[in-house]
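Chemist: If you read the protein sequences in the order shown, they are chains A and B.
Residues 552 to 641 (our numbering) make up the first sequence, in order.
Residues 7 to 213 (our numbering) make up the second sequence, in order.
FYI, nobody ran anything at the bench for these hints, they're computed from the structure.
Don't take every hint at face value.
Lysine-lysine pairs mimicking BS3-like chemistry, simulated, CA-CA at most 27 Å apart [unchecked claim]:
hint : chain 1 : residue 1 : chain 2 : residue 2
1    : B       : K192      : B       : K174
2    : A       : K591      : B       : K174
3    : B       : K209      : A       : K572
4    : A       : K591      : B       : K189
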Amino acid sequence: MVKNVNPKEIKVDFGEIKNDKMRNFRDRIWFIKYWAEFMKKNSDEVWSQGQKDLIDSQFKKADEFFEEMSKSEEGREKLDIIKYRKIKNI
Amino acid sequence: MEYDVQKGEIYSNKIVNELDNFVIDFIKILDKNEIKYVIVSGYVSIVLGRTRASEDVDLLIPKINFDEFCKIFNSLKDNNFECLNTYIIKEAFEEWHDYAIRFSRIGRPTPNMEFKMITNKIQEEAFEKKIKLFFGDNLLYISPLELQIAYKLSIIGKGDFEEISSDKDFEDAKHIYEYFKDKLNKERLSYYIHLLKAEEMWKWLKM
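Could you put the whole structure together from the sequences, leaning on the hints where they help?
Modeler: Encoded structure:
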């Protein structure tokens, strides 16, 4: 059971959050450099297999989501809203 | 992946993924209808190896008249694509003058193609200086890498790390820069960075 906490009692260290963001940013940049080197050292077939696994799995999930949504009238209405929002770039 | 700078051609033996297949199928229909185009933005980084997916692909084409538009619209429809904005051609043509219209495979809103008309000088530059990407039996026209990097940097913001710390545009630019930095035309890159006022971001990119 989570105890109710008064937000006033929580002291947020924004300096620490900023440091976390900086560390995270450095990690991500490090990985981009690492990945570019990995691509250079390996054949296209090797690096692109990992990319394919990642991308295909995301689209598979999306397809499953749309399929599930389209089973009900409410879901179909929501899908229309998703489409509409995308189209008008709201 | 090899980049022949003189010819403006990249050769890739990558394994084709779902997003690539979507783009290839769409482009085949444009080619069949002799519609010229250039692919810009996120998909350029992805097709060149960036490890992320995208729900849309940005495609620029020069202005075409209504008859040509009808031809391509119907051809897409005959090949299992639908316009997400509207199924009425006239409406789609009119909307296309104001903003991008989107096409996806029927019943699958993602991924989708953002079909944009070329309306400014930067887009014209991307179209005029486009380069070729060969993979398998496929040929795609993509934005010149130097412009791609500078443009991605220019749309981020003011240039402090708070803004770029989780920005996919920055990371897309960084990926292209890291992989192709020995082949990039430094003079042209510098020109685009200056033109698009992306000098501050450029400092971050080089770190």
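Chemist: Of all the hints given earlier, name the ones this structure violates by number, lowest first.
Modeler: none
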